[in-house]
Each structure stands twice: as C-alpha cells, then as structure tokens.
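Visitor: These are the residues of each chain, in order.
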Amino acid sequence: MSARDDIFANIRRSLGVKGSETIRRQIVADRLERAPKGVIPKRGQVSGEDRIALFKTMVETALATVTEVASPAEVPQSIALFLRNHNLPATLRMGEDPRLQAMPWSETALEIAQGPSEGRDLNAVSHAFGGVAESGTLAMVSGPENPSTLNFLPDNHIVVVSGKDIAGDYESVWNRVRFAYGKGTMPRTVNWITGPSRSGDIEQTLLLGAHGPRRLHVVVVRD
Amino acid sequence: MSVLPLQGRPANPRVGLFVTCLVDLMRPSVGFAAVKLLEDAGCIVDVPVQTCCGQPAYNSGDRGTTRDLAMQVIDAFHGYDYVVAPSGSCAGTIRVHYPELFEEDPNWRAKADALAARTYELTSFLVDVLGVTRVDASFDGPVTYHDSCSGLRELGVQTQPRRLLGSVEGLSLVEMKDSDVCCGFGGTFAVKYSDISGAIVDAKARNVEEAHAPTLLAGDLGCLMNMAGKLTRDGRPIQVRHVAEVLAGMTDEPPIGVAKAPAVK
Amino acid sequence: MTVHSTSPQFKQNAARALNDDQLQKALGNVKQGFIDKRQMAAAKLPEFEALRDAARDIKNHTLEHLDLYLEAYEEKVRSSGGHVHFARNADEARDIILGICRDAGAKTVTKGKSMISEEIGINHHLEANGIRPVETDLGEYIIQLRGELPSHIIAPAVHLNATQVEEDFRRVHTHLDAKRDLSEPVQLLTEARAVLRERFLAADVGITGANFLVAETGTSIIVTNEGNGDLTQILPKTHIVLASIEKLVPTLEDASQLLRVLARSATGQEMSVYTTFSTGPRRSADADGPENYHVVILDNGRSSMLGTSFEEMLRCIRCGACMNHCPVYHAVGGHAYGWVYPGPMGAVLTPSLIGVDKAGHLPNASTFCGRCESVCPVRIPLPKLMRHWREREFERHLTPATVRSGLQLWGFFARRPALYRFATRAAMGVLALAGRQRGRFAWLPMARGWTKYRDFPAPQGETFQARWKRERQGARA
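Protein chains in written order, with the working numbering: chain A, 859 to 1081; chain B, 534 to 798; chain C, 13 to 489.
Hints may be right or wrong, so weigh each one.
[What the hints assert, rightly or not] Residues of chain A clear of chain C, computed beta-carbon distances all greater than 10 Å:
1) 909
2) 928
3) 938
4) 939
5) 940
6) 943
7) 956
8) 963
9) 968
10) 969
11) 971
12) 976
13) 980
14) 1057
[What the hints assert, rightly or not] Lysine-lysine pairs mimicking DSSO-like chemistry, simulated, CA-CA at most 30 Å apart:
15) 249(C) with 1041(A)
16) 725(B) with 23(C)
17) 481(C) with 725(B)
18) 464(C) with 710(B)
19) 464(C) with 370(C)
20) 23(C) with 710(B)
21) 464(C) with 43(C)
22) 56(C) with 725(B)
23) 49(C) with 725(B)
24) 464(C) with 23(C)
25) 876(A) with 900(A)
26) 895(A) with 56(C)
27) 481(C) with 793(B)
28) 900(A) with 1022(A)
29) 481(C) with 569(B)
30) 396(C) with 710(B)
31) 710(B) with 49(C)
32) 481(C) with 644(B)
Everything labelled a hint here was simulated from the structure, so no lab data went into it.
The beta-carbon is built from N, C-alpha and C at its ideal position, and this holds for glycine as well.
With the hints as constraints, model all of the structure from the sequences given.
Guide: Written out as structure tokens, the structure is:
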C-alpha cells in the first residue's frame, strides 16, 4: 500500500468512515462552494471616509507610514518627496503594472528600473490589489505587473493602493480575487502585508527590517 | 450581614457543607467560619460524614478510585438544597469533573449532574446565589488576595471574595502583581515536582511581599499551606489566612503555620 | 525514527534549568512581553471570544471530514501545477525531501521556520547527505549555530541573551572584522540580515512549513514577521512545503477566521507582518517565484489521534499562547521538555508522537492551573488531555510505584469514612502535638519534596468532623 493510501485508510479507520458517504461528500462540497464567512469584526464595517481613515490608522499602528494623494498623477511627486525626506537615493524599481506605468514619472528626477529585484535595490514601488481597513493590511498579488521580489528584497517598499480598493475585511478581498481569477483559482502568491519586516527574536526586543523592508510606506490614491 | 432576597430559592436553604479534607484535617477553624457565614445568611447547615472529593486520585489518573469516592459524595450529599465548599478546587471537582466521570453510566451521570448543579464555592454561593452584599466583620489593616486557579478558571470566582472583603470594616485590599498566577501547589505536583513547585511558589512569595500587605488571603487551603510554608521558611513575616476566617470575623486562631502564643502566666 | 528525546530525563533537565541563572534571566522576557500584549489585542477586538469559538468549530469540522478535504486539496495543488507527496513517518518525509533536493541539484537549502522540520530532523539528514541547510528565521538561525532545538515554538531563541548571540556570531562569522561593535541587538540583526541575504540569493531549494493548507484552492499559508519565509520560497527554483495532515482548512474564509486569532494569541499583533498564500509554481508570465512547487504531507502518528480524546489536540495552530502563560514553562523553559514541542501543547502532543513511556513526565508536570486552556485560541482543553495521559499511564502501570502505593493506601481510608475519621483524628492529634511549639515543620519524613522548599504548617489538632460531632451533634442529642 502506498503511503498516501495508507494515510487515507488510517484517517478513515480512526474517523469510522468509508469516504464514500454521500452526506459527508455533500457537506464538504457545499462548504467549499459556499465558503461561509463566519465572524466579521464590526470594526472594519464602515464606509467612505471612515473606512479610509481606519485603514490609515491601522497602517500606522503596524509601524508603517501612509500618505494620501488626490489622483494617480500625483503619486510620482509624492514618492520623490518621501525618498528625499528620508535621505534616500532617487532610485525606484517597479513591475509592469499599467497603473504605475501610466504615472508621470518623468516629472520627477527618479531613476526608474523595471522588473523583479535581484536583491540590490534600495527602493521599490508596487501597486496593491487591495487594502483591508480592519488591520491596515495590504493585499498584493504576484505577476509581471508586481513581482513578489519587490515586496521583500528592497530596504524601502512603497505601496500604492487605490482608495476604492480598500475593503473593510479580508473576506471582501477574497471575493475580488475570485472575481479576478475564478473561483478556486489563485495567483501564484498573495501577500498580506501589515507593516514593515521585524523580529523580536533577540531578547524579545522589537527591531524593524529583519529580512524584508525596513520601511513600508503606503500611498492612498483618492480617485 | 446584608442579604438581598433572590427569587426562586428557599428562604432558609438546607446546605450540606463539604468541609474538604484539608480543612477537616488541618484547619477546622475555616470550616466553622464557613458555617458561621452560611448561618448568618439564613442557611441551615449540616455536615454529612465525608472524606475527600477524590481529586488527588483523579489528577493521578486513577479513575476507579475517583469514581468510588464521587459516588460516596453523591450519596452523602443527596437531599440538600445546596452543597457548599470553602474551596474552589474541591467545588470545581464536584461541579465540573464529577459529570465527566460517568459518561458511560446514565444513571450515575444524572445524579452527578444534579449534584454539580447544586454545588458552589463558598464566596460565590454567598454572593451569586444568596445575594449577600456585605458581612459583619472587622479586620485591621491591608490584605492581599491570591486567586486560586480552579476557583478562578473553573468557577469564575474573582469578584465575589473581593466584594465581600470590601465590606469588612477596617480592611483594605491591596492587589499583588499576578494574583491570578498559580502558586505552584497543584496537589501532588508539589511533592512529585518539588523543584519546579519550589520555583513557582518562590515567585509567588516575592509578589506577595511586594504588595506590602501584612496579611495574605485566599480561598483554598492547599494553596494557602503552600504559600504560608514558603513565607515562613523564608522568614517573611506575612500572616496567611483563609478568606472565610476574615469574612466571618473569626481570626482568633493563629495564622497558618504559626504556633499558638503560650498562655500568659 | 525522529529527533532524539531527553523527555525521560525531564526532572534532571528541569533541575538544571532552575539553576541556570542566564536562562532564568531570559525567561523573564517571556513573562513580561507576551502576556500583556495578548491581553491588549484581545481587549481591542470585541469579537475575539466569538472568533475563538469559530476557530474551534472550523478545526473540528475539518478534522471530522479530513479525508475529503485532503482529497480536495491534493486535487487543487495538482491542477495548479504543484506536486503532493505523502509521508507516513519522519523517515519517509526526510527521504522525499532529500530526493527533491537531489533532483534540483541542490547544494544550499534555505529554510523558513517549521516545527514539523524539527520533528523529522531534516537538517541533520540533509547535512549527512552533503546538502547545506540554512535556517533563516533569526531565532532559528541562532539556535542552528548553537546546535540546539528551539525552546519555544514561535520564539525559538527565547532562552538566550544578546551576549550569547554576540559570542555565536563572532565564533561563526569569521569573515567579518573581529573588532566590529555588536553590543546592541540591532547590530546583531543587521549582521544576520547581511549574512543571510547572500544565502537567500544562493539557495537552490527553499523549504517552508505551513500554518494552514486551503482545500478550496490548493494554497499553503505561512505567517512570519521577518519576511524570511517569503525570501525562502520566491528566490530558489524549488519550493518545498512541509506540513502535517491537520493543517487543512476548507476555504480562504476559514483561514481568515483562524488568522484573526493566530497573531493576537501569539504576539498580540492584529495581524502578523507577512501572511503569504502560495499556490503552485510560478505562472508562465511571472517574472519571479519558484519553478517547482512540492508539498510533503506528514502523518507521523496524527491519523491515529483522530477519533480519540486526543483529536482535540489536532486543532492546535501553534501560536505558543499556552507556553507563554504556563508557570511551569516560565520556571524551566522549553528545553527541559526534552523534545520538539514544549509547554502545555507539548505535554499533550509529545506523548502521542514519541510514546507516553518516554514522555510520561510531561503531562504530569502540570499544576492544572488551567491558564493554558483559558488562552488557547482554538479552546483545546489541555489540562483535561494531560489528565487523559495520566489515566493511560495509570492503566498501563507506568505511574511510579511509590505514587501508586501511596494512592492505594489513601484510597483505602478515603473509601471508609468511619475508619478515615478514626485514623485521621488520631494522626492529626499526634501531628498537632509535635508541631505545637513552632506551628510548622521544617522537615517531615513523608513529605521531603514539600519541606525541601517550604515549611509544612501544623494542623490545629482536633479535626473538623470530630469537633462538629462534639459541639453540634452532641448538643442536639
């Protein structure tokens, strides 16, 4: 008997089932299909300005910084200002995201690099798939538009998120993922990011920038 | 003693006192303090012949002996309106664990459930069931209170003793750090793993001392003997008593682990 | 064959730990930090208790249908281009992983934090076969340098102080300036970041664990604060996920419920920094990510826990709250438990995995204070399960003879109230008389464990039942 068959047989023996029971199969198929939501905290169940405000508060609670701009056209200037204010070099790596590509980067002095990171970049920008106000979490999806390496290798990670993509809860983001990729299908990687990298492994002292970015800066676009 | 009338209970309930084996053997004055508190609140108190709830056997994995002792207790305490123990640990055994012992015996399970539903720790019985809000007692000076684990986490005993202590004339309650952390007693644990138990009670004794109250109270004699034994061993002059003694105004007996003063000649 | 265990020597391990001043100082950090942070996080979320119920129910539901969810998960991983391997035990899991590494021509393997990988001892196996495993979680990296097991499931190096870490870095990072300043924790972190960054970029295979596996989508989930688990899986050509069968959850919604209690219970964060959902290898258009995605699903005794009272232990989501709140863990630390899983969850799980004959001390070394159960995000009745182990030991006559005979003698009297009253009355009379002078005993022949650390208070004399009979029943007659 293969290890697989053996394990399944042992699970079924312990549970006292055969595996062919129609009712059990129906229960499982039904749950996978319906994906019931469970308990959704009230905290995130606010809309409009309140939701954006909660998102920004929670982002800051997670030790990231956040700023707001009125339109995509203002993003490059805002990022250039952020880099200058922190005495960071005027370089920036990004993927092929059309929303980022359409922004007027030439209005700034930023030196733009394209494609995934190989680990030598100081600054990168990504466009989030969405945000979650409940905990100030960014939802990133992998792909050529926003390579996953940009989320982790640079020292300073800047994330642009559209105000209308900020949801109250995680479940709303999953609904959008299903709509975009199809039910039961996922991009290679979905990253939920809540603040910059950190470790408490040395004497339980909180230190930022363990392996991932030391700084996480969020730009909310109000379009 | 002030008693708020509560609906749905007899005016003078018949209470079977589960003394607990430790109080019976080591410190009967706690039992008499419990009797006074119950009688002052209008209860008719009786003490059926008893030994132990069986917890030492239960926690040692000896279900057979535990079941025998549980059946003995169930029979002995049949017919009382309530069963009250000056211990969260023993009351917890009857209330929470007796029913678990008879999962395969519906007849005894029903009896265990019935007893469990009528069994209470002393201070929670006074406050939650009888609606007692204050006691007629006085005590001089600050005290600190340790929450014994079973009472706290199995029965929710936390505010009740504090509320009653708040009504004792002259008494002020000083909370110690980590009052809800185990003292390291754990029944046979204190003997089987004495090194670890010794370290845990050491931390507890430090917290007691740092509260700067000359008296330590708790609702379980096992924990009290553990903490008192540690405090006297380390020469820390803190008096240790069961909370019932103070609530009943019965503090003539010397504190736990202290000898009676020799008679003055 | 799994990692060597010193659980049978628990008492000696504990005694050593209690006398280790450095360890005792480090353990102070556990008591200070985790408890308050969890408390605050729970207080900030009114739905926290309801979420704990939901988390428990999701895990129970999944375990009751585990065969079917495993099937669904397996199908989804395959359809997204990944490979699923099943391992009955540690030996099989090690060989599967070694095989994948060899196929990838691996020289260096980076690792995200995984307790299962500790359980199967994969590092040793890879090293013995010429492959270099590099732990990348900062705490795991430190203990790998020291050749130790983690002492905590989410804070593996919590037993160490910064000066010890400095010594290890100076001993191992010999390519760096010997005169460099490492006196601040942040300097240690910066050095580890630089050293490990090179390893991440050089690795051929990355191994991570999984906090959850999602049946709906064939997704594996890891949760980290450092980001090391992500660099481990997106940079090498091959990503191996090592997970045990009970990590399954039905849907992304179910995973989200569990994630809401995980970080709050573990570190008191609203959400850990990085929660990563990985599904299959990189897609054709992707610019980065692993080309190969393997999942190794380990049983190692767990399927036999289903349908028993220990099934409840399979709900565990490895948050560490039980050990953070355990007075015994606070006193002796994680290494005393002698195997991979310490604290209350280890006291229940370890006997299931390596046998109660070896790990029998663990479920006994508890005061049953119940604090672990009161904070468990999936409401595992840990004291009850420890008691079940004590019952099995008693049934199998593994309980020490002295304890058994003591219980027998006590049980003999406790079952006979009349004899009990007679005997205790006499005994307490004698004991009270002997303790009359001081009110306590500094030494008692039957309770040497007790009197080693504390006095034994003397009884008042007459028993309650004797006095009651004399005063009340005598008066009534």
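Visitor: Taking the hints in turn, state whether each one holds.
Guide: Taking the hints in turn, this is what the structure says about them:
1. 909: holds (16 Å)
2. 928: Residue 928(A) is indeed farther than 10 Å from all Cβ atoms of chain C, at 29 Å.
3. 938: holds (25 Å)
4. 939: holds (25 Å)
5. 940: holds (20 Å)
6. 943: Per Cβ check, residue 943(A) is outside 10 Å of chain C; nearest 22 Å; holds.
7. 956: The assertion about residue 956(A) holds, with a minimum of 14 Å to chain C.
8. 963: holds (19 Å)
9. 968: holds (21 Å)
10. 969: About 20 Å separates residue 969(A) from the closest Cβ of chain C, which puts it past 10 Å; holds.
11. 971: holds (13 Å)
12. 976: Violated, since 8 Å does not exceed 10 Å.
13. 980: holds (13 Å)
14. 1057: At about 5 Å from chain C, residue 1057(A) fails to clear the 10 Å cut-off, so the statement is violated.
15. 249(C) with 1041(A): holds (28 Å)
16. 725(B) with 23(C): holds (10 Å)
17. 481(C) with 725(B): Not OK: residue 481(C) and residue 725(B) at ~35 Å, beyond 30 Å, violated.
18. 464(C) with 710(B): Measuring from Cα to Cα gives roughly 26 Å; hence the hint holds.
19. 464(C) with 370(C): Within the cut-off at roughly 27 Å; holds.
20. 23(C) with 710(B): With a Cα-Cα distance of about 29 Å, the restraint between residue 23(C) and residue 710(B) holds, given a limit of 30 Å.
21. 464(C) with 43(C): The given pair, whose Cα atoms are some 26 Å apart, holds under the 30 Å limit.
22. 56(C) with 725(B): violated (40 Å)
23. 49(C) with 725(B): Violated, because 33 Å separates the two Cα atoms, which is more than 30 Å.
24. 464(C) with 23(C): holds (15 Å)
25. 876(A) with 900(A): Distance of about 41 Å is beyond 30 Å: violated.
26. 895(A) with 56(C): holds (21 Å)
27. 481(C) with 793(B): holds (24 Å)
28. 900(A) with 1022(A): This hinted pair holds, its Cα atoms lying about 19 Å apart.
29. 481(C) with 569(B): holds (16 Å)
30. 396(C) with 710(B): holds (28 Å)
31. 710(B) with 49(C): Between residue 710(B) and residue 49(C) the Cα gap is close to 16 Å, so the pair holds against 30 Å.
32. 481(C) with 644(B): Roughly 28 Å between the alpha carbons, so the hint for residue 481(C) and residue 644(B) holds.
Figure legend: structure checked against the earlier numbered hints; hints not met, in rising order: 12, 14, 17, 22, 23, 25.
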